[in-house]
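Enquirer: So the sequence lines, in the order shown, correspond to chains A and B.
If you read the first sequence in this note's numbering, its first letter stands for residue 1, the second for the next number, and so on.
If you read the second sequence in this note's numbering, its first letter stands for residue 113, the second for the next number, and so on.
Calculated directly from the structure, the hints in this document are not laboratory data.
Since this is a predicted model, take the numbers as computed values, not measurements.
Check before you lean on any hint, since a few could be wrong.
[What the hints assert, rightly or not] Straight line, CA to CA, 27 Å or less: simulated DSS-like cross-link-like pairs of lysine-lysine:
#1 A:K3 / A:K56
#2 B:K183 / B:K126
#3 B:K183 / A:K104
#4 A:K3 / B:K126
#5 A:K41 / A:K17
#6 B:K183 / A:K41
#7 B:K169 / B:K121
#8 A:K41 / B:K169
#9 A:K104 / B:K182
[Stated by the list, open to error] Which residues of chain A face chain B? A few of them, derived with a C-beta cut under 10 Å, are:
#10 E1
#11 K41
#12 R60
#13 R70
#14 Y98
Ideal Cβ positions, reconstructed from N, Cα and C, are used throughout, including at glycine.
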Amino acid sequence: ELKVEQNPLFLSMQEGKNYTIYCNYSTTSDRLYWYRQDPGKSLESLFVLLSNGAVKQEGRLMASLDTKARLSTLHITAAVHDLSATYFCAPNSGGSNYKLTFGKGTLLTVNP
Amino acid sequence: NAGVTQTPKFRVLKTGQSMTLLCAQDMNHEYMYWYRQDPGMGLRLIHYSVGEGTTAKGEVPDGYNVSRLKKQNFLLGLESAAPSQTSVYFCASSYQGAGTDTQYFGPGTRLTVL
Numbered sequence: 001e002l003k004v005e006q007n008p009l010f011l012s013m014q015e016g017k018n019y020t021i022y023c024n025y026s027t028t029s030d031r032l033y034w035y036r037q038d039p040g041k042s043l044e045s046l047f048v049l050l051s052n053g054a055v056k057q058e059g060r061l062m063a064s065l066d067t068k069a070r071l072s073t074l075h076i077t078a079a080v081h082d083l084s085a086t087y088f089c090a091p092n093s094g095g096s097n098y099k100l101t102f103g104k105g106t107l108l109t110v111n112p
Numbered sequence: 113n114a115g116v117t118q119t120p121k122f123r124v125l126k127t128g129q130s131m132t133l134l135c136a137q138d139m140n141h142e143y144m145y146w147y148r149q150d151p152g153m154g155l156r157l158i159h160y161s162v163g164e165g166t167t168a169k170g171e172v173p174d175g176y177n178v179s180r181l182k183k184q185n186f187l188l189g190l191e192s193a194a195p196s197q198t199s200v201y202f203c204a205s206s207y208q209g210a211g212t213d214t215q216y217f218g219p220g221t222r223l224t225v226l
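Please model the complete structure; the sequences and the hints are all you need to start from.
Expert: Next comes the structure, spelled out in structure tokens:
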């Protein structure tokens, strides 16, 4: 059974600072998704990482995947208030490319 | 394109009552999913469907039933609601074979069982 662990679960940062969210998973997975959820809203897809060494960037967010270490990271550069949200990682599970297992999420708060 | 829609958006039930949540997608997606989200638990898969007429159990299926009679609709039923089923329910869909298979989520249904 695939287990997903995100760290940290809560992150409070100042605007302009950098930080990284970590996503570890327990068994083989060949793709991983990052989602964003604003309070009271639905989930929005940010990135899909399809292979070892994959790196995707959009704005101040950059995601990477190391399938050998079973680790994905979401790096935040020069945080701004608009990035405040909960971020979920979700690797696919059981060799399928559609069943996802979600981490518990990281609640990010960016303070002025 | 409306994407993925869910009805109702909010519902309050008494213990033992039944209800059906409707999910509809207009993206011609083969795969559809029902998740529940509880504080501090992330999203957990209840049931999913890989095509019209098919359903399968996910991580937490007990107390729920589903049906996929039409490709665009995926129904989640609670036959006898319990307080433990108080949660936010999300439906999602994806297109198998597109390579990336991103799941697109609906707006959610907030269910309270008293």
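Enquirer: Next, verify each hint and record whether it holds.
Expert: Status of each hint after checking the structure:
Between K3 (chain A) and K56 (chain A) the CA atoms are separated by roughly 23 Å; this keeps the pair inside 27 Å, and the hint holds. Between K183 (chain B) and K126 (chain B) the alpha-carbon distance is near 31 Å, which puts this suggested pair outside the 27 Å criterion. For the hint linking K183 (chain B) to K104 (chain A), the alpha-carbon distance of about 30 Å lies beyond 27 Å, and the restraint is violated. Between K3 (chain A) and K126 (chain B) the CA atoms are separated by roughly 34 Å; this puts the pair beyond 27 Å, and the hint is violated.
For the hint pairing K41 (chain A) with K17 (chain A), the CA-to-CA distance comes to about 26 Å; that is within 27 Å, so the pair holds. With a C-alpha separation of about 25 Å, the suggested pairing of K183 (chain B) with K41 (chain A) holds against the 27 Å cut-off. Simply put, K169 (chain B) and K121 (chain B) have alpha-carbon atoms about 24 Å apart, close enough for the 27 Å limit, and the pair holds. Taking the CA atoms of K41 (chain A) and K169 (chain B), the gap is near 26 Å; set against the 27 Å cutoff, the hint holds.
Between K104 (chain A) and K182 (chain B) the CA atoms are separated by roughly 32 Å; this puts the pair beyond 27 Å, and the hint is violated. Here the hint on E1 (chain A) is kept, as its CB sits about 9 Å from the closest CB of chain B, short of 10 Å. About 8 Å separates the beta-carbon of K41 (chain A) from the nearest beta-carbon of chain B, less than 10 Å, and the hint is met. With 10 Å as the threshold, the beta carbon of R60 (chain A) stays out of range of chain B, its nearest partner Cβ sitting at about 21 Å, so the hint is violated.
For the restraint placing R70 (chain A) at the interface with chain B, the shortest Cβ-Cβ distance is roughly 17 Å, beyond the 10 Å limit, so the hint is violated. Taking 10 Å as the C-beta contact cut-off toward chain B, the hint placing Y98 (chain A) at the interface holds, the least distance being around 5 Å.
Of the numbered hints given earlier, the model fails hints 2, 3, 4, 9, 12, 13; all others are met.
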